[in-house]
Amino acid sequence: MSPPFRRLLVANRGEIAVRIIRTCRELGIETVAVYSDADAAAGHVRAADIAVCIGPAPAAESYLRIDAVVQAAVETGAEAVHPGYGFLAERAEFAAAVVAAGLVFVGPSPDAIHRLGDKLAARRLAAEVGVPVVPGTLDPAPVDRPDAVAAIVAEADRIGYPLLVKAAAGGGGRGMRRVERAADLPAALAAGAQEASASFGDGTVYLEREVLPARHIEVQLLGDASGRVVALGERDCSIQRRHQKLIEEAPAPGIEPADRRMLHALAVRLAMAAGLRNAATAEFLRDSDGRFWFLEVNTRLQVEHGVTELVTGLDIVAEQLHLAAGETLSPAVLAAAERAAEPDGHAIEVRLSAEDPGRGFAPAAGTISHWSMAAGPGVRVDTAIAPGDRVPPDYDPLIAKLLVHAGTREAAVDRLRRALDETEVGGVQTTLPFDRFVVRHPSFREADLSTGWVERWWDGPAERRSAIEVALLVGALTAIDERAGTAEGTRPVVGEAPAGDSSDGAWRAAGRAASIARWPR
Amino acid sequence: MSDDGLRQGSAAVRSSVARTHRDPGDPILVVEPGRSDDPQAPVLVDGVPRSVGLRRLGDRRAVVGIDGTPHSLLLGPARRGDGGSSTREVVVDGWLVTVETEPAERAALRDRASRRTGGADAAGPLEVRASIPGRIVAVAVAEGDEVAAEQGLVVLEAMKMQNEIRAGRHGIVERLAVGVGENVEVGDLLLVIR
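Residue numbers (the working numbering), protein chains in the order written: chain A, 1 to 521; chain B, 1 to 194.
Hints may contain errors.
Claimed, not checked - Taking CB as the label site, the calculated pair distances span: (1) A:Asp-67 x B:Arg-175: 36 to 42 Å; (2) A:Ala-325 x B:Ala-138: 26 to 32 Å; (3) A:His-441 x B:Asn-183: 35 to 41 Å.
To be verified - Just a few of them, taken from the derived set where beta-carbon distance is under 8 Å, the chain B residues facing chain A: (4) Leu-54; (5) Gly-76; (6) Ser-86; (7) Gly-94; (8) Trp-95; (9) Asp-145.
To be clear, the hints were calculated from the coordinates, so they are not data collected in a lab. Using N, Cα and C, we set each Cβ at its ideal position, and we do this for glycine too.
Assemble the whole structure, with the sequences as input and the hints as a guide.
Written out as structure tokens, the structure reads:
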């Protein structure tokens, strides 16, 4: 089959740019990367056939510049532009600029992005077609307008506290603020609007009730130019911290096929009303009574699309490219949609981010000194990182996604535990300790999932402290040995592995045995 | 010198104090290896005997068993400082810890010295530095302002998240070293509180 395009520009960076480039290579499509000064040697630049510098490190002066990205596409002869997620992916004016330049935008139409990608417009549309929406406002909240404070406080009282200030252009928790009482509302509106403006170039915010306890469940959608839209199944993304997803899985555990069908149908109804083409995801909250509430639609590829790929056997990026070239939904997609309510197998993804889970997941930029990713049966790693790479402070801290696939959820959890134990990163603090904690936790194994899970179970400082004591002890022993050298009368504290034995597992057992044998009596 | 003297001498030389490069609240360990002629002797950690087995697996990896619990490790190269001190990165169970070690007797000398100047230290200037690289998006204080402990000073945006830097203690802003829009690296001076 001939490739859907000859050359495509990827308007993104990091793991998602590399993931898109991989599919393009398989389909025989040449790729163009764009990069900022901070990314001149980054993984997505190394992976692409052609690379174009579009500006300095700050995203607002490079990856968020519509004119520079479109110009790079035109000048390199690209026929299509894939936006990935984040940056310009959900900006209708970007999609429109790509189309106006005579190129194909890989995603929904500018019109559908505007209708669905604007969270407020999507809430209004959902309410119109009878999809239950989370209680909140349907119009932009006034920011920095003292004359409107009384009105918005009254509106907030009607919705009820605690509530959330959310960015209309938002995603991933950017621009979001939790508000517990009226007095904090004006400041939260201003702060949310400023962060939204910095992240998305649009400071519009609105109010929504916080549903707790809740599970975050979302539906993967694909649509073609004939107006047909199908659901490829749902994902559970409940393990979040401040609305930033940390762990995602497919299918959502513990949902009856009938409820699945109903949820998928709600998502498809909304997408069809919006004239959706290409890929999108409809996000819902499931409350403790099992009711689904519509949150928002993301009119783009999701970070966590890979778990759906593992369960369905599809390459969603490849399907996006064929759909963007004007093809109808493929037989493989239609077959997967048929099975969506009763899927086979289970997939889980953890997001490995350059963040410190011992300090409230604060960003932890730096240089990767050691990088060894898991492999083996049922394991997939999406990353743009190689040893020696710098994780710049200018962008999202996600550095890799570790995905596992197995026949059952239980087997997938076991596989994830094994894969996380194989994963080694040096030079930058990552969320790895948190991921290892979650996968070993009984409530995760029992699929007792909730958006409040992290707050309830994770005590970062305590976990970090016990690791610090081990690190200090090890650091002291190696320093003692290095100072003492091989001086006569001293015994090395640190043993060397004998030549010929390189089995890590065997040595772990040996370390345990040595330690037990030396227990003071 | 008798065998005994040699052992005691070497043990004193070999004791080490280890601390992290980060939070002041992090623990500090005093570690002393067991008797050099007894392979079964425990390591003394803050004077308490612990059973420790450590095996290097090549240049970067190691496994340690502490009181029967194994941990996989990554060991970074040691960066030597003065007076026998050294710094290295240790990754334990996914946690990255920068460990600074120095000989116990040197640490004791330093402690005594700092205790003599301890009173002055508390009243002296407090330098507030960037703990992450990023961009200054807001400055809430001016030189000469009085600030309370935990009061917000500047907002540092890194990885699209806003991080508020707060005052470590009460005082007067003596010097403001950054302005809105400036980029800072780890360790850059933000301001000084006196």
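We went through each hint and held it up to the structure:
A hinted range of 36 to 42 Å for the beta carbons of A:Asp-67 and B:Arg-175 is consistent with their spacing of about 41 Å. A:Ala-325 and B:Ala-138 have their C-beta atoms about 46 Å apart, which leaves the hinted 26 to 32 Å range violated. Remark: the range hint 35 to 41 Å for A:His-441 to B:Asn-183 is upheld by a beta-carbon distance near 39 Å. Restraint check, B:Leu-54 versus chain A: the minimum CB separation of about 5 Å is within 8 Å; hint holds.
With a least beta-carbon distance of about 6 Å to chain A, the hint placing B:Gly-76 at the interface is held under the 8 Å criterion. Hint status for B:Ser-86 relative to chain A: holds, with the closest Cβ pair at about 6 Å, below 8 Å. About 3 Å separates the beta-carbon of B:Gly-94 from the nearest beta-carbon of chain A, less than 8 Å, and the hint is met. Nearest Cβ of chain A to the Cβ of B:Trp-95: about 4 Å, under the 8 Å cut. The hint holds.
With a least beta-carbon distance of about 20 Å to chain A, the hint placing B:Asp-145 at the interface is violated under the 8 Å criterion.
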